[in-house]
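Colleague: Spelled out, the chains give:
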Amino acid sequence: MLFNSLQFVYFLPVVLILYFMTPDRFRWVVLLVASYYFYMSWNVNYVFLILFTTIVSYAAAIGIGQSENKDVRKALLIISVSASLGVLFFYKYFNFFGSSLNEVLSIISIDFQVHYLKLLLPVGISFYTFQTLSYTIDVYYGKKSVEKHFGIYALYVSFFPQLVAGPIERSTRLLPQFRQEHRFSWDNIVQGGKWIISGFFMKLVVADRVSLYVDSVYGNVLHHSGITFIVATTLFAFQIYCDFAGYSAIAIGVARLMGYDLMINFWRPYFATSIGDFWHRWHISLSTWFRDYFYIPLGGSRVKVSRWYLNLFLTFLVSGLWHGANWTFVIWGALHGIYIILENYFKLYVKKDETISTLNRLIRVFIVFVLATFAWIFFRADHISHAFYVIQNLFDFSSFYIDYSTFFYAIIGLSVLFIFDFVNENYPDFGLLDNRINLKIVFIYLFLLTITLSIGVFNGGQFIYFQF
Amino acid sequence: MDFLAGILMENVFPDITFGTYGKINTSLKAKQEILILGSSRAQHHYDPDVVSAETGMTCYNTGLGGYGLLYNYALFNELIKQHKPEVVILDLSPNVIIDPKTYMKLNIFMPYFFTYSSFNEIVHLDPDFSKFKTVFKINVYNSTFYDLFRGIVSNETADNGYKGLQAQLNTTTYIPKRLIPEGKFDSLKKEYFEKIIDLSIQREIRLLCVVSPTYEKFDADNRIIDEMESLVKSKGLDFYDYSDYWELYKKPQYFKDQLHLNDVGARAFSKLIAEEINNSHHE
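So the sequence lines, in the order shown, correspond to chains L and Y. Mapping of the first sequence onto this note's numbering: position 362 corresponds to residue 362, and the numbering continues sequentially without gaps. Mapping of the second sequence onto this note's numbering: position 203 corresponds to residue 203, and the numbering continues sequentially without gaps.
With the rest of the complex left out, here is chain Y (with noise of 0.2 Å):
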C-alpha cells in the first residue's frame, strides 16, 4: 500500500502548482535570465514584471517566506543543474540569518529527499530529522495533499513568484522588531552563504548579495549586514546594502510592517534594482 502510493506520489507531486509546495516545484523548473532568491523579504520585494521591464530580460523571483540561505542554497545548486541564469540576486536577511527556528523548518522539504540531492542535504540539518521518517514514503509527503488538491480543483497556473503586500504601516500601532543583540550569523548558514557564493564564481553567474530596505533597523542588523558585507567582498563580489536606502527608510507609506515593503514599496525598489542589474551589466 505504501508502494504504491510512494510510486504515485513521486509522479504527481512535481505537478504540484498550488501553495508552498507549488512555488518550489515552479522555481525548480525556473528557466528565466534572471533569479530571485530569498526569504519573503525577497517574495514581497522584488516584482519581476517591474525588473523585466527596466532590464529586457526575463525574471522569476523564487522567495520562500521563512526559509532563508539553506533553502535558497539547496535550490541555487539544482536550478544551475539544468539551467544557466544570466543574473541571481540573493536577498539577505538579518532576522531570518540569526533565527535558530530555521533548522526545526527544514522538514518541509521531505518530499524532495529522494529526487534532489541538495534538499537531501539541508533535511539532514533539521535537528529532528531521523531515516525513520523516511521508511514510510507516505511519511515522506505529508502533510501535501492539500496543496495537490487545491491544485487540482483551483487549476491555478503559475505567477511570477511575486506577492506584493497591499496594506501599509499603521505608525500608530507600530512597534518594532529588534535582533537579539547577541544573535549571531551561526557558522552552518555562513558555510552556506559561501557555497552560494562559490557556486555562482565557478558556474559563472553573476550574482547580486542584497539587503533590501527596513522601514527601521538596529545596531545588532548593521553587525550582521557588516560581517555578510566583509564575506562577500572577501569573494570579489560587490554587496548591496539598502536597509536604510534614503528614499524609502522610515517611510510608512512604503511599507508593511518593519521588514516588508507593501505592493508601492516592492515596485520602487524593483525599478532600483533594476538600474543595479543594468548598472552592472555596462560595467
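The shape of chain L in the complex, shown without the other chains (with noise of 0.2 Å):
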C-alpha cells in the first residue's frame, strides 16, 4: 500500500478512528494489526520474514537481559545480528555478489558459476532489519532496558507510518512512546497535517513530475547527450530529495496525527555549506545509525589520522550498499566518502561557532550541490557503463532533449519548493511545520494542496526508497 494510493485514503482514517475509540491499553493491537496489514497489502509473504527478524531479536534481547555470562551475551548478540543480516543478505545481496563472483572468476578462467536465484526483495527490509540491530545492541551495551512485551515490540519493529521507508527509528526514542498515553489533539491534527501536505507535494508535484524527464534520459543514456545529461541529473537531485523526504514528512504526518513523534530525516539538504553539514541534513536517520553502530565501533575519529580517514571511507562505502545491490552505488558511497576525507584534510567545512557572509554561503551551496549532483549520476544510472557515458558526455553540447510540458510544471513546483525550505531554512519561527495556525498558514496550506491536486502527478510510480 502507498501512501499516494487511493487505499491508504481509506485505510488510514479507518485506523485513525480505531485506534481513538480504542482504550489506551489495547491502542497497540490496533497498530500492530494495521501495520502487519499494511505490509501484507503488498505480498502476504513478506509477512513471515519479518516475524522471523522480530522474534529473533526480540529472543536476544530477552536472552541477553536475563544472562550475567558476558559471552552468553556476546553469543545471543551474535546470532541475533547474524540472523538479521543473513536474512538481508540472502535476499538483498546474494545474486549481486554471485554475478561479481562469476564475473571475477571467469576473467581468472575458473569454471564454476553462482546460480541466480529468483527473489524479490521484500519492501523495507532494510529499514526494519536496522531497527531491530540497533534494539539489540542497545540493550546488550546496556543503553537500552529489554522490552519483554512481545506485542509491543513488534509493533517498534513493524509501526506502519516508518515500515517500509523509515525514519529508521531508534528503539530508545520509539518503544516508550507506545508506553504513553496519546489523547486527541487538535495540534497533532494540524501539525500532522502539514507534514502530510507539505509531503505529498513533495512527493507528486516535484518528484513524480520531474521523474518524467529523468526517467526518460536516463533509460535512453546512449540517445542523449551534454545539456540533457546535465538537466536530467540536476532534475533527479531534486527528484530522489523530494521523492524520500516527501515519504519521510508523510510518515511523520501520519505519526504526528496518533501522536508519535518520529525523527526529522531531512533537514533542507540543499542549503548545506560543506558535504559533512550535507550528511547532517540527508537521510539523518540513516546517518546516524552508521555513525552510532558503525563508525564508532570502528573507531570514529580517535584513532590515528589515516585510521580515521579509512574509517570515513568505509563508513560512506557500506552506506552505499545499504542503498542497492549495485556497483553504481558503492561508487556513489565512494564518492562521498573521498568527498568528506578531502574536506577534513583542507578543513573545508564551517566551524560550529564561525559566521560567513552571504556570498561565502551561496558559493559552498552551490559547491556542495554540483558535488551532490554529480555523484547522483551514479545513484542513478541503472549500469555504471551507463554512468560513465554520462560523465563521458556531459560537454557534448550538440542535442538537447526538451520536454516543454514537463519543465513547465517542474518550474512552479521548483519554485514553490525552493520558497517553502527558504522560509523554513532562514525564517524557522514563521511556523510552516509546528502545530500553530494562522490565517497566513491556512493560506499556504490551501495553496500548496491547490497546487497538488491541479499538476500533480496522481498516477506516478512508487516511492524511490522502497527498493532499499
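No lab work stands behind these hints: they were computed from the structure. One should not assume that every hint holds.
In silico lysine-lysine, DSBU-like type, Cα no more than 35 Å apart, as pairs [as the list claims (entries may be wrong)]:
{"hint": "1", "chain 1": "Y", "residue 1": "K250", "chain 2": "Y", "residue 2": "K190"}
{"hint": "2", "chain 1": "Y", "residue 1": "K31", "chain 2": "Y", "residue 2": "K133"}
{"hint": "3", "chain 1": "Y", "residue 1": "K133", "chain 2": "Y", "residue 2": "K84"}
{"hint": "4", "chain 1": "L", "residue 1": "K440", "chain 2": "Y", "residue 2": "K133"}
{"hint": "5", "chain 1": "Y", "residue 1": "K29", "chain 2": "Y", "residue 2": "K233"}
{"hint": "6", "chain 1": "Y", "residue 1": "K177", "chain 2": "Y", "residue 2": "K195"}
{"hint": "7", "chain 1": "Y", "residue 1": "K29", "chain 2": "Y", "residue 2": "K190"}
{"hint": "8", "chain 1": "Y", "residue 1": "K190", "chain 2": "Y", "residue 2": "K271"}
{"hint": "9", "chain 1": "Y", "residue 1": "K235", "chain 2": "Y", "residue 2": "K31"}
{"hint": "10", "chain 1": "L", "residue 1": "K118", "chain 2": "Y", "residue 2": "K233"}
{"hint": "11", "chain 1": "L", "residue 1": "K118", "chain 2": "Y", "residue 2": "K105"}
{"hint": "12", "chain 1": "Y", "residue 1": "K195", "chain 2": "Y", "residue 2": "K233"}
{"hint": "13", "chain 1": "L", "residue 1": "K440", "chain 2": "Y", "residue 2": "K131"}
{"hint": "14", "chain 1": "Y", "residue 1": "K84", "chain 2": "Y", "residue 2": "K163"}
{"hint": "15", "chain 1": "Y", "residue 1": "K177", "chain 2": "L", "residue 2": "K118"}
{"hint": "16", "chain 1": "Y", "residue 1": "K137", "chain 2": "L", "residue 2": "K440"}
{"hint": "17", "chain 1": "Y", "residue 1": "K133", "chain 2": "Y", "residue 2": "K190"}
{"hint": "18", "chain 1": "Y", "residue 1": "K235", "chain 2": "Y", "residue 2": "K81"}
{"hint": "19", "chain 1": "Y", "residue 1": "K101", "chain 2": "L", "residue 2": "K118"}
{"hint": "20", "chain 1": "Y", "residue 1": "K177", "chain 2": "Y", "residue 2": "K250"}
{"hint": "21", "chain 1": "Y", "residue 1": "K81", "chain 2": "Y", "residue 2": "K137"}
Computed from a predicted structure; not experimentally measured.
Two chains, two separate frames, one set of hints: put the complex together.
Modeller: The following block contains the structure:
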C-alpha cells in the first residue's frame, strides 16, 4: 500500500477512528494489526520474514537481559545480528555478490558459476533490519532496557508510518512512546496535517513530475548528450530529495496525527554549506545509525588520522551498499567518502561557531550541490557503464532534449519548493511545520493543496527508497 | 477556492487549442463531412487536404496517439449528437486493440467527465478511477494548464488534425515490433467497437472500417484483423484491410517505422482511401 494510493486514503481514517476509539492499553493491538495489514498488502509472504526477524531479535534481547554471563550475552548478540543480516544479505545481496564473483571467476578462467536465484526483495527490509539491529545492540550495551512485551516490540519493528522507508527509529525514542497515553489533540492534527500536505506536495508535484524527464533520459542514455544529462541529473537531485523527504514527511505527519513523534529525516539538504553539513541534513536517521553502530565502533575520529580517514571511507562505502545491490551505489558511497576525507583534510567545513558572509554561503551551497549532483549520476544510472557514458558526454552540447510540458510544471513545483525550504531554513519561527495555525498558514497550506491537486502527478510510480 | 477555480476552468477549458486537449476540443466541435477516427496511425496516415481534394468533401482527422476504440466511441457518440457526418473512417490498429495499458490512460479524459456523458462512461473504465478524484474540481483539470498556457501564448489556430511524419524508416537499425502472440481482442474493446458500428447504422452514417498499411506484420496481427473483419462483415459493412497493401508493404520510403507511414506514404494512402470513398459513394 502506497501513501499516494487510494487504498491508503481509506486505510488511514479507519485506523485513526479505531485507534482513538480503543482504550489506551489496547491501542498497540490496533496499530500492530494495521501495520501488518499495511505490510501484507504488498505481499503476504513478506510477513514471515519480518516476523522471523522480530522473533529472533526479541528472544535474543530477552536472553541478553537475563544472562549475567558475558560470553552468553555476546553469543546471543552475534546470533541475533547474524540472523537479521543473514536475511538481508540473502534477499538483497546474494545475486549481486554471486554475479560479481562469477565475473571474477570467468576473468581468471575458473569454471564455476554461482547460480542466480529468483528472489523478490521484500519491501522495507533494509529499514526494519537496521531498526532491530540497533535495538539488540543497545540492549547489549545497556543503553536500552529489554522490552518484554512481544506485541509492543513487534509494533516497534513494524509501525506502519515508517515501516517501509523510514525514518529508521531508535528503540530509545520510539518504544517508550507506545506505552504513553496519546489523547486526540487538534495540535497534533494541525501539525500532522502540515507534514502530510507538504510531503504530498514534494512527492506528487516535484518528484513524480521531474521523474518523467529523468526516466526518459536515463532510460535511454545512449540517445542523449551533454545539456540533457546536466538537466536530467539536476532534476534527479530534486526527484530523489522530494521522493524520499516527501515520504518521510508523510510518515512523520501520519504518526503525529496519533500523537507519535518520529525523528526528522531531512533538513533541507541542498542548503548545506559543506559535505559534512549535507550528511547532517540528508537521511539523518540512516547517517546517525551508521555513525553510532558502524563508524564509532570502528574507532571514529579518536584514532590516527590515516585510520580516521579509512573509517570515514568505509562508512560511506557500506552506506552506499546499503542503498542497493549494485556497484553504482558502491561508487556513489565511495565518492561521498572521498569528498568528506578531502573536506576534512583541507578543513573546508564551516566550524560550529563560525559566521560566514552571504556570498561565501552561496558559493559553498552551490559547490556542495554540484558535488552531490555529480555523485547522483552513479546513484541513478542503471549500470556503471551508463554512468561513465553520461560523465564522458557531459560536455557534448550537440543536442538538447526538451520536454516543455514537464519543464513548465517542474519550474512551478521547484519554485514553490525553494520558497518553502527557504522560509523554513531562514525563518524557523514562521511556523510552517509546527502546530501553530493562523490565516497566513491556512492560506499557504490551501495553496500547497491546490497546487498538488492541480498539477500533481497522481498516476506516478512508487517511492524510490522502497527498493532499498 | 476550489469552486471558483472549477467555474473558471469550465469556462476556459473548451477554448484550449494546443496539445492533446486542443485536439480533443477541436474534434468535439468538428462539422466536416468526412471524419477520421483512430489512434496515432489515424493521425499520421490520413491527410484531410488530400482526401478533400479527391472527394470534394470537407474532412477532419480526429486521430489521437495512444487512444483507440474507447476514445473513438466517446468522441463519435458526442459528435453525432450535434452533427451528422457523411462518411466516418475508423482506423483500426491491432497493437492498440490488444494493449492493456490503454485502460490506464483513460484518466486523461477527466476534464470532460462532467460535460460529456460518453467520456464519463469511459473514464469509469480506468482501473485507477475513483469518485474521490472528482471531489475537487481543480483535480478534474489536473495537468491541463500547460496546454491552456501554450494556447494563449502561441495563439495557434486549429489545423486539419493530420500530423505528417517526416523521417524515413532506417532498414539497418529496424527491429520489428511483434504483437504478443497470445494477445486478445478483449471483450470490452470489442463491445465498444460494436457500439461504434451500431451507432453508425442507427444514424445512417457511412462507416469505413480500415486497417491502414504497416511496414511488416505477423501472425498475431492477422488473427486480430480476421476477428475484426468477421465482426464488421456480420454487421453488413465492408472491411478494408490495407495492412499489407502491395504498393506500400515493405517499402521503407513510405514508412517512418513499422507501424507508421511517413508523410509521403500518408499522402499516397490518403489518395487511395479517397478513391475508396468515391467508389463506395457511387455504389
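Colleague: State the violated hints by number, sorted upward, taking the hints as numbered earlier in the document.
Modeller: 10
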